[in-house]
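S.K.: Chain A is fixed; fit chain B onto it per the hints.
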Amino acid sequence: MQISMEKCLERMLLLGYLVLIAGPLLALGWVLLTAPVTYSAGVALPPIFSLRKATLLLNSLLLAGSVAIVGTSIALLAATAAAAQSNLWQRVFRWLLIATVVLPPYVHALTWTTIFDRLNAVLLSLGLTGLHFHGWVASAWVQVIAFLPLAVLITQAGFRRVEEQLVAAARTQRADLEVLWWVVLPLAKPLLLAGSGLLFLLSLMDYSIPYLFGKNVYTLEVFADFSIHNQPGRTLMVAFPLVGMALLIILISFAGARSLVVPSQGEDHLWCSGMSLPKWFHYLQNFSIIFLVIAALAPLIMLSALVGSLPELIASLTNGAPETLFTLTTSLLTGLICLPFALAASRVLAIPDRRSLALWLITLLVLAIPPSLVGIGQVALWNRSLFGGLYGSDTMVVLTNLTRFMPLAAIVLTGQQRRTDQLLVDATRLFQKNTAHGWWKIRLPMLAPGLLAAACLVMVLSAGELAATLIVIPPGRATLTLRIYNFIHYGSPEAVAGLSLALVMLVMVTSPLMAFLLER
Amino acid sequence: MALFEPELLPLVNVIDLTKQYNGAPVLEGVSFDLAEHSRTAILGPSGSGKTTLLRLLAGLELPEQGEIYMRGQVISQPGWARPPHQRGMGMVFQSPALWPHMNVAQNILFGLGNLSRSSARQRLEVVLAQCALLGLETRHPQHLSGGEARRVALARAIAPQPQILLLDEPLTNLDPDLKNTLLELLRTIASDISILVHVTHDRQEAEFLCERIWTICDRRLVADATGKGEQ
Chain A
3 MQISMEKCLE
13 RMLLLGYLVL
23 IAGPLLALGW
33 VLLTAPVTYS
43 AGVALPPIFS
53 LRKATLLLNS
63 LLLAGSVAIV
73 GTSIALLAAT
83 AAAAQSNLWQ
93 RVFRWLLIAT
103 VVLPPYVHAL
113 TWTTIFDRLN
123 AVLLSLGLTG
133 LHFHGWVASA
143 WVQVIAFLPL
153 AVLITQAGFR
163 RVEEQLVAAA
173 RTQRADLEVL
183 WWVVLPLAKP
193 LLLAGSGLLF
203 LLSLMDYSIP
213 YLFGKNVYTL
223 EVFADFSIHN
233 QPGRTLMVAF
243 PLVGMALLII
253 LISFAGARSL
263 VVPSQGEDHL
273 WCSGMSLPKW
283 FHYLQNFSII
293 FLVIAALAPL
303 IMLSALVGSL
313 PELIASLTNG
323 APETLFTLTT
333 SLLTGLICLP
343 FALAASRVLA
353 IPDRRSLALW
363 LITLLVLAIP
373 PSLVGIGQVA
383 LWNRSLFGGL
393 YGSDTMVVLT
403 NLTRFMPLAA
413 IVLTGQQRRT
423 DQLLVDATRL
433 FQKNTAHGWW
443 KIRLPMLAPG
453 LLAAACLVMV
463 LSAGELAATL
473 IVIPPGRATL
483 TLRIYNFIHY
493 GSPEAVAGLS
503 LALVMLVMVT
513 SPLMAFLLER
Chain B
20 MALFEPELLP
30 LVNVIDLTKQ
40 YNGAPVLEGV
50 SFDLAEHSRT
60 AILGPSGSGK
70 TTLLRLLAGL
80 ELPEQGEIYM
90 RGQVISQPGW
100 ARPPHQRGMG
110 MVFQSPALWP
120 HMNVAQNILF
130 GLGNLSRSSA
140 RQRLEVVLAQ
150 CALLGLETRH
160 PQHLSGGEAR
170 RVALARAIAP
180 QPQILLLDEP
190 LTNLDPDLKN
200 TLLELLRTIA
210 SDISILVHVT
220 HDRQEAEFLC
230 ERIWTICDRR
240 LVADATGKGE
250 Q
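These protein sequence lines map, in sequence, to chains A and B.
Heads up: take any position in the first sequence, counting from 1, add 2, and you land on the numbering used here.
Heads up: take any position in the second sequence, counting from 1, add 19, and you land on the numbering used here.
A hint or two may mislead.
Unchecked claim - Incomplete in silico selection of chain A near chain B, CB under 7 Å:
no., residue
1, Q167
2, L168
3, A170
4, T174
5, R176
6, A177
7, N232
8, S278
9, A429
What the hints assert, rightly or not - Simulated restraints, written as ranges between beta carbons of each label pair:
no., chain 1, residue 1, chain 2, residue 2, range
10, B, R140, A, E8, 54 to 60 Å
11, B, G42, A, G132, 53 to 59 Å
12, B, P44, A, T437, 44 to 50 Å
13, B, H120, A, N321, 51 to 57 Å
14, A, F293, B, R140, 40 to 46 Å
15, A, K281, B, L81, 34 to 40 Å
16, B, R239, A, K443, 41 to 47 Å
17, B, S138, A, F433, 55 to 61 Å
18, B, W99, A, N321, 37 to 43 Å
19, B, P44, A, A257, 43 to 49 Å
20, A, L130, B, H120, 49 to 55 Å
21, B, N192, A, K281, 38 to 44 Å
Bear in mind the hints are in silico, worked out from the structure with no lab data behind them.
From the three backbone atoms N, C-alpha and C, an ideal C-beta is built for every residue, glycine too.
With the rest of the complex left out, here is chain A:
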């Protein structure tokens, strides 16, 4: 049987996708099978059972659940409010979202810690008691603010899939708020659930923010276990409960996304024009918009105040230049390299058959792996003589980011594949000079919005990656994230404010361009 060049290339890329995302996990499994796990003297149970770990897991799940519920609720209100505005207003709103989605959570942590410090100074000078910004509430607050822009963008994508006629038909029969509840939300549900699941996952897998606010979560336990025992197999066992819970949530929240076939309208929220909603709902919408604006502008204002003067800003930028360059290079490379692999995977994921189901499960499983474990898996996979000097090189950072975020790129591209009109693909195959010509002239331009969105998402998440990078980064190297996090952790906010401010300003300036490109 003759296989076309296109099919051959697609299969190779698919194999590459599987190796890159599942390879580290398989390597860990191999280590577990071949190297026996040792326990402390007199301990008979595997390291996954203890009351302390159960409490940690419960706390982690509660935090992630709260962040997902609050974040999704505010995102829903903000997205419905934005949908009813003029085109210009919507553009400004999108710019604001894209500008803030790129900011790593710890920049928000620094911002809000500073805000509360200043506020407390004022309160104390007035003879009042200061506010306690610490612990779970502070962690949830910062995580909601950090992940909210992403949630709003996903909610807007969900709303874009709501067909105007379906809403118009409902509006002739019921009040607009009921239409929103009974028709719009169920129609947008697959993406809303996926967005909520993503928020849950981002919170569950992040130990940096709770740790900054004095709380331990299960992902930190995974990292700590490896640091103490240096046994990848044992760490894998420790991570099992977390992986299990995360996988369960992912399977529930992403189940609808798999069967998502409703095409995009291509225009923003036609369904909501002229909707009249009750006043109390408008108040909630206004609150959500104010919340988003404060979340976006607070880092800019507070970091500017922290930096103090221009020479100090220049000094911190100069000091952080190598890390900035390293971060930009690795995240850009990750964003670009992931595209062909994710595209090949998305072509399988978009077809509802058994092969696709298996690939969906693998893709979702990788999302459920704690970042520290991904890092440990990278070491287990690539630290072999077969791969020469790969281990210990800068490439490890790119490989790690690919494992962590390429599944998300594949999911984004799957949505784009489903929106592609099959008749256009058939017409291309009929009239193209050769396969490359058809791809270059027709199919890639059709996929361009999805490719750009996937690349941007991966770049943004890669630039902010911390927990896995910490394990694989070569000696003497640091990403901007690592540097900022270390400064915050060791209590030197002024030193990090310049770098963070530079990051914020860079994002604010480039985000209109990104918003424009995404609109195209």
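M.R.: For chain B alone, coordinates are given in the frame of chain A:
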């Protein structure tokens, strides 16, 4: 704002209605009346503004200029419109536009929210029988044939017993046999409706269903050349 004595008036008055999209006029200075027990067809080529006119009547769009009155009460004017569900109008769209997450019964029951549970069920049974849908209650739209989906769309529109039924080319892309069957069904159903406005570009369909035909020409509504449009 009561402008006239209600009992002396046609049910609906449309006065000098103008609608634009992105600055381009679609309808200009459209005026007409809809009397009780009238069947009106609106003809016109694609893009002439027929659907826009129906959407304005339904309250799904706001006019840039002009007003729509119902029993002497203004229901649409620039910047304000009475919500669509408070106008007593049912609408059937070009596509069946059935909500995919609801089954046939749920699609029909959606508009019966202000009835008690038992009354709503009774009305559902009546409408299902009227539209030959008995036995399909639990099916979801994706498991219906084209003809069944159109009948469900019609059943959903008439279930709340609207005074005015707006039909936006509900028979497009159907084979001739199915189209004839549905036309017969529409004519039967239309006898229970006070006002029927049927938008189409099929003259035969318009003549079969309506006693009055208007045409949209150069963004304005004109009486049909056959004389059927004379008021």
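S.K.: What are the numbers of the hints the structure violates, in ascending order?
M.R.: As far as the earlier hints go, 7, 9, 15, 18 are violated by this structure, in ascending order.
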